[in-house]
Amino acid sequence: MQLERTNIVTEEGHETFVLNLGPQHPATHGVLRVKLTMDGEYITRAEPVPGYIHRMHEKMGENRTWAQFLPNTSRIDYLSAMHYTHAFVSVVEKAAGIEVPPRAEYLRVITSELNRISSHLVWFGAFLLDLGGFTPLLYAFDDREKILDLLEGVTGARLTYCWYRFGGVGNDVEPEFVTGTREFVTYMRPRLDMYRQLVTENVILRKRLEGVGPISADQCRKFGATGPVIRGSGVPYDVRRVEPYSVYPELDFEVAVHPGGDCMARYLVRMEEIAQSLRIVEQALAKLPEGPVLGKAPKTVKLPPGDYTFAVEAARGRFMVRVVSDGKDVPYRVRLRAPSFSNLSLFEETSRGMMLPDALALMGTLDLVIPDIDR
Amino acid sequence: MTLPEPFRLVAFLVGTLAFVGLNAAYLVWVERKGAARFQRRPGPTEVGPAGLLQPIADALKLLSKQVLVPPDADRILFRVAPILVMSPGLMCLATIPFGEQLAARNLDLGLIMVFAFGSINVMAIMLGGWASRNKYAIISAARIVSQNVAYEIPMLLVVVTLLMSTGTTNLQEIVRQQAGGFWNWNILRLGVNPLMPITFLIFFTCMLAETNRAPFDMAEAESELVAGAFTEYAGMGFGVFFMAEYANVLVGCSLATILFFGGWQSPIGILSGVGWFLLKLYTLIFVVVWVRWTFPRTQFYRLLNLSWEILIPISLVTLALTSVMLKLFGK
Amino acid sequence: MKRALRELAGGLTSLLTGMKITLQQFFKPDVTVRYPHESLKMPKRYRGHIVFVREPETGRSLCVACKSCEKACPSECIVVNGVKKEGEKKKSVTDFKLDFTKCSLCGSCVEVCPTDALEFSKQYNLASTTKTEYLQIDLVKRLEEGK
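Residue numbers (the numbering used here), protein chains in the order written: chain G, 603 to 977; chain A, 40 to 370; chain E, 111 to 257.
Treat each hint with caution, since some may be false.
[What the hints assert, rightly or not] When the alpha-carbon atoms are kept at most 30 Å apart in a straight line, the in silico BS3-like pairs for lysine-lysine are as follows:
1) Lys-195/E - Lys-130/E
2) Lys-72/A - Lys-130/E
3) Lys-112/E - Lys-809/G
4) Lys-232/E - Lys-207/E
5) Lys-200/E - Lys-901/G
6) Lys-199/E - Lys-177/E
7) Lys-748/G - Lys-151/E
8) Lys-200/E - Lys-241/E
9) Lys-151/E - Lys-72/A
10) Lys-177/E - Lys-904/G
11) Lys-200/E - Lys-898/G
12) Lys-181/E - Lys-195/E
13) Lys-112/E - Lys-898/G
14) Lys-181/E - Lys-207/E
For the record, the hints were derived by calculation from the structure and aren't laboratory data.
Whole structure, please, built from the sequences with the hints as guidance.
Here it is as structure tokens:
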């Protein structure tokens, strides 16, 4: 084990010290340790040390049957659990040739987009908490309660839904869900307006975020950052458009893009994504067909030997599942490509020379969920 | 009816101590309940009816904690700093006129005395941070000092502007000049200073910054990740710093009420008294709480930029404007 | 100069708009449900720990101890045993222990049961000072006690 030199001298001859943004934060990020080498107020080097919440999901994939792995998928990134389960069931369906009825596809899209909205609301509240504005957190969580109540009525769980099955979804929805979701959409749009007036146009917040933490599109490509991070740098990369899946090709929505590259751009991209998700939910509810919700799937799923992948647009970026099967009822290898890991790797390069509060604002806009980094 | 001098002294001493103590403790309750209502939740409700005994529960909790003095801290200064930081609150209230007869010591230089004692606050925080011998406490305390110095200047410029129109620093006299209805209050004396409401806004902002209230609480809160000026203070030492912050808010808002809103004068000209003073005082304190829970924090250098680049030029402009108006149009 | 003043005025109005919004929220009612003085009604599909479904005529469990739930569980928390009583076609359950400290409420056991003998309860406020109380939730005993 190498001893860390604590008094590195910079080129200007200043002495630096190492500050531990320890695993325990007063902010809400989770258990991530960042070793900051500081020159007074400025960061000269930021080294993230992940691994404090490594739960070995990929290893668990090798010891559980295809159906037994489903609860794991919700717990990788618990805030946008539906998307991760969607990726896993889709890769198995694609490989085994299981058909999904259209009603199930539409229900999957509706619940996924509701989950995206609730994930962005958590990001919004936690980000503002980092910046010192305590009140919008509670307003956002009030809105999120409505989504969680809707999803609880359908699946029975509030955070770690285990509702998608191979070939469709676990159970059909009640009519109350459809009316409740329509009410929610009408309720949420004026709230977005309120957030815009209270937070986005607030001069203190704008001064705090504009011009801070610029990330160029090239840096994003170098580190593989996806999701609102790369869309905030002007690149319209959205998996729902680049590699369309489920019924997204039939729905009309725009990809939220902003050319700024600074914290404000990423913030605006996420707020716009909430509005677009509401649009998608509205259209999908209108187009919801009748029919069964579960297609024919074998009792014990066995995939033909081979290598299969599937990517979805999760709330944080591109989440991809790669499974390698050797014909048994247990996978040979499950590989989870987590978006937060790639987004985090941007932090070291872009935070060089920034002041600590600005670097924290930058980390907030990357929207990291630490269990997603460590899996 | 005037009591003989010793009794009057004791009565006012007890009264001031009780007022400051009760307010410092119960402004915590006001803040928590206010924050809760803005966030649409109940706030403290369990301890006592509507949570009214919550500050007492908090005080008991703080009193029962072990007071750790760091081994290499300056022994005298470490213990003296909390007492010093509480003293401006008590001393300044000696000249504040609560009502027609209710001024403990109505000095002719009352306004100057309030500002003189107010600057002890900054010194005490610096002492507290320095005596802790903690790297981060010293940095944080130094930031608080630079913030306070930056905001003293526009505050004093604004007060000088006001002094030019009132002509006296006697606080009771300033209140008496605003007799009549609310159109006589200093904030609406646009004949003397057309930018008077802006002047009040500058005074209010400076008051928020002087007392380290959000959105200017950078030195205390950003250092959440590292430390704050009061890290080494445990138990009641921290409790005293906390109460002193509220006592300072109390003094600042009382001053704002007297200088701009007519003190104990009633807005309709009759039935003036201490009730109006308390009503205006608590309305201003409500606004202070309201501002805290609405906005995020500024960055530290922007805070200083706000003072040096925006508030000072504007207050100089109002000063010049007032002097011109007074010269041309008289009082 | 004019731009700076306009920016200043714009900034000030944004602050005042923000304050107006929080003041409007100040006068709206609480959102909080004051648990434990009040509590919410659990939705129909809420996932509490599993319990036996009572057969309407006999009051017994529908479980035939086929061990499908034991095999389907990802976390290996179910242990079920049964014996074939005299004169009956299928086994009846004698022993059903659920290790709730490992259960992830995935619902595989409920879905895979061939006789639909399991269902989710609405139990949401389990609390105990020892781990043993949830280490061995005994469904047979709970059925006998009438829970």
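Lys-72/A and Lys-130/E: Cα distance at most 30 Å? holds, 18 Å
Given the hint that Lys-112/E pairs with Lys-898/G, does the C-alpha gap stay at or below 30 Å? The given pair, whose Cα atoms are some 70 Å apart, is violated under the 30 Å limit.
Next pair to validate is Lys-177/E with Lys-904/G; report whether the Cα-Cα distance is within 30 Å. holds, 21 Å
Taken at face value, is the distance from the CA of Lys-72/A to the CA of Lys-151/E at most 30 Å? holds, 28 Å
Taking 30 Å as the top limit, are the C-alpha atoms of Lys-200/E and Lys-901/G close enough? holds, 22 Å
Check whether the Cα positions of Lys-200/E and Lys-898/G lie no farther apart than 30 Å. holds, 29 Å
Holds or violated: Lys-232/E with Lys-207/E, Cα cutoff 30 Å? Distance ~19 Å between Lys-232/E and Lys-207/E Cα, so the pair holds.
Lys-199/E and Lys-177/E were given as a pair; does the straight-line alpha-carbon distance stay at or below 30 Å? Status holds; Cα separation ~17 Å.
CA of Lys-200/E to CA of Lys-241/E, is that 30 Å or under? violated, 35 Å
Lys-748/G paired with Lys-151/E [C-alpha distance capped at 30 Å]: holds, 15 Å
Can you confirm whether the C-alpha distance between Lys-112/E and Lys-809/G stays at or below 30 Å? Given that 30 Å is the threshold and the Cα spacing comes to 19 Å, the pair holds.
Would you check the hint for Lys-195/E and Lys-130/E, treating anything up to 30 Å between C-alpha atoms as holding? violated, 74 Å
Hint compliance for this structure: hints 1, 8 and 13 are not met, and every other hint is.
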